[in-house]
Amino acid sequence: MKTDAFIEFLAKGSRAEPAPALSHKLFWALSIAGLLSLALALTIIGPLPAETFMTPTPWIKFAYTVSLAVAATFLTIRLARPVADRRAPSVWLGLVLLAMLAYGAWHLVLTPEQAKQQALFGQTSLLCPWLVLLVSLPGLFALQLALRAFGPVHLSQAGFACGLLAGAIGATAYAMACPEDSPTFVAVWYTLGIVLTSAVGAISGRWLLRWS
Amino acid sequence: MSDLNVFIEKATAVTTGHPFELEIAPIWRLAQTGDEKAYEQALRLIAQRLRSFFRRRMNNTPEDAEDMVQETLLAIHTRRHTYDDAFPVSAWIMAIAKYKLIDFWRKHGRRDTLTDEFDDADLSQQSTVTTEAVTSNVADIQKLLRTLPDKQRQAIELIKILGLSVSEAAQQTGLSESALKVQVHRGIKQLAALVAKKTA
Numbered sequence: 001m002k003t004d005a006f007i008e009f010l011a012k013g014s015r016a017e018p019a020p021a022l023s024h025k026l027f028w029a030l031s032i033a034g035l036l037s038l039a040l041a042l043t044i045i046g047p048l049p050a051e052t053f054m055t056p057t058p059w060i061k062f063a064y065t066v067s068l069a070v071a072a073t074f075l076t077i078r079l080a081r082p083v084a085d086r087r088a089p090s091v092w093l094g095l096v097l098l099a100m101l102a103y104g105a106w107h108l109v110l111t112p113e114q115a116k117q118q119a120l121f122g123q124t125s126l127l128c129p130w131l132v133l134l135v136s137l138p139g140l141f142a143l144q145l146a147l148r149a150f151g152p153v154h155l156s157q158a159g160f161a162c163g164l165l166a167g168a169i170g171a172t173a174y175a176m177a178c179p180e181d182s183p184t185f186v187a188v189w190y191t192l193g194i195v196l197t198s199a200v201g202a203i204s205g206r207w208l209l210r211w212s
Numbered sequence: 213m214s215d216l217n218v219f220i221e222k223a224t225a226v227t228t229g230h231p232f233e234l235e236i237a238p239i240w241r242l243a244q245t246g247d248e249k250a251y252e253q254a255l256r257l258i259a260q261r262l263r264s265f266f267r268r269r270m271n272n273t274p275e276d277a278e279d280m281v282q283e284t285l286l287a288i289h290t291r292r293h294t295y296d297d298a299f300p301v302s303a304w305i306m307a308i309a310k311y312k313l314i315d316f317w318r319k320h321g322r323r324d325t326l327t328d329e330f331d332d333a334d335l336s337q338q339s340t341v342t343t344e345a346v347t348s349n350v351a352d353i354q355k356l357l358r359t360l361p362d363k364q365r366q367a368i369e370l371i372k373i374l375g376l377s378v379s380e381a382a383q384q385t386g387l388s389e390s391a392l393k394v395q396v397h398r399g400i401k402q403l404a405a406l407v408a409k410k411t412a
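Those protein sequence lines, which keep their order, are chains A and B.
Each residue of the first sequence is one higher than the one before, counting from 1 in the working numbering.
Each residue of the second sequence is one higher than the one before, counting from 213 in the working numbering.
Looking at chain A on its own, in the form it has when it is part of the complex (with noise of 0.2 Å):
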């Protein structure tokens, strides 16, 4: 029967295929992720002075976005096979972005009435997601085609994953440049940036990821 002797041909020295290094293919695309994230947010907008890394507002960005990255690198890890238990991801992730809301709407109730306006909205919030989400695109790319090695079956979730990988990325660059310190845009703006790359994530995950 064929399909015996197709089976034959598969199973013939079989062990002398070498096992593909998944792990290199997705630590590069998360270099290259994090470069190109870098080298736009610099380029488009530039660095901050260097005493603004003396002050907690970069850090604080830095702590949230960072977590984030962390989580959804489970979260992709997990997504990127054929058969995955998402819910510790999942649930790391949901506590960071809690952990980042509450702190934002605690510093909105602890700011005077007069200043609440300037603390949500700074000076750039319209510009703001639609920036993370620009630095954060190349990086997107570069993860999903690194996924696809995987196999990954769920391609939305899987892209999802990949965008808010790439989202928390791109806003941890973003944050080497953007100006604006109150934890309270963070949590709106940057969140909304992230949710924004998850989205393009989510949609071109069904057609970047789809392998045979």
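Just so you know, not all the hints are guaranteed correct.
[What the hints assert, rightly or not] Under the rule of at most 27 Å between Cα atoms (straight-line distance), these lysine-lysine pairs were calculated in the DSS-like manner:
#1 B:Lys401 <-> A:Lys25
#2 B:Lys409 <-> B:Lys363
#3 B:Lys249 <-> A:Lys12
#4 B:Lys355 <-> B:Lys401
#5 A:Lys25 <-> B:Lys363
#6 A:Lys12 <-> B:Lys363
It should be emphasised that the hints constitute simulated quantities derived from the structure, not laboratory data.
On the provided structure of chain A, position chain B as indicated by the hints.
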């Protein structure tokens, strides 16, 4: 997408005690240690399971179902390193099968389009298409092999068809063992891409 998750969760729950899981798990474990005979046996068992899975869902087109069995076997073969032993192997296999089925529907449309296509198609053409697509016997594989770059073709012929060991093949070709392994791997990937293109 969400019913795919439900499917996988159910499959994970059910398959742990499922006869197919009980049958395949020990053989698969053995195959993963590099035992080729066990691997061949595992693929045969998987093929049986896949055949009933695809026939039940593609009952208008049994030939396509057999192609899908082979395509899924190939996907399992080229992605066998993505298996995570925290999960039942049958759930992993069926997740790939389900993905392949959805991929097939995406390319060909659902049942209705399939029957239309068959009724309208020129039958003589139809048969050449299917013989091209079935890569199952050695003659067909050799036809496909001819389209590969020389190095890949040679590596696959020596190791996969003549059945030489990697070190024997290395001696014969003068290539290093790791280079040969890479050529075989690339060649199989390329064949997979060719088969996918032809069945598309």
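Do the hints match the structure? See the list:
A C-alpha spacing of about 17 Å is found between B:Lys401 and A:Lys25, which places the hinted pair at or below 27 Å, so the restraint holds. Using a Cα cut-off of 27 Å, the hinted pair B:Lys409 and B:Lys363 holds, with the two alpha carbons roughly 22 Å apart. Using a Cα cut-off of 27 Å, the hinted pair B:Lys249 and A:Lys12 holds, with the two alpha carbons roughly 9 Å apart. Using a Cα cut-off of 27 Å, the hinted pair B:Lys355 and B:Lys401 holds, with the two alpha carbons roughly 16 Å apart.
For the hint pairing A:Lys25 with B:Lys363, the CA-to-CA distance comes to about 24 Å; that is within 27 Å, so the pair holds. Taking the CA atoms of A:Lys12 and B:Lys363, the gap is near 18 Å; set against the 27 Å cutoff, the hint holds.
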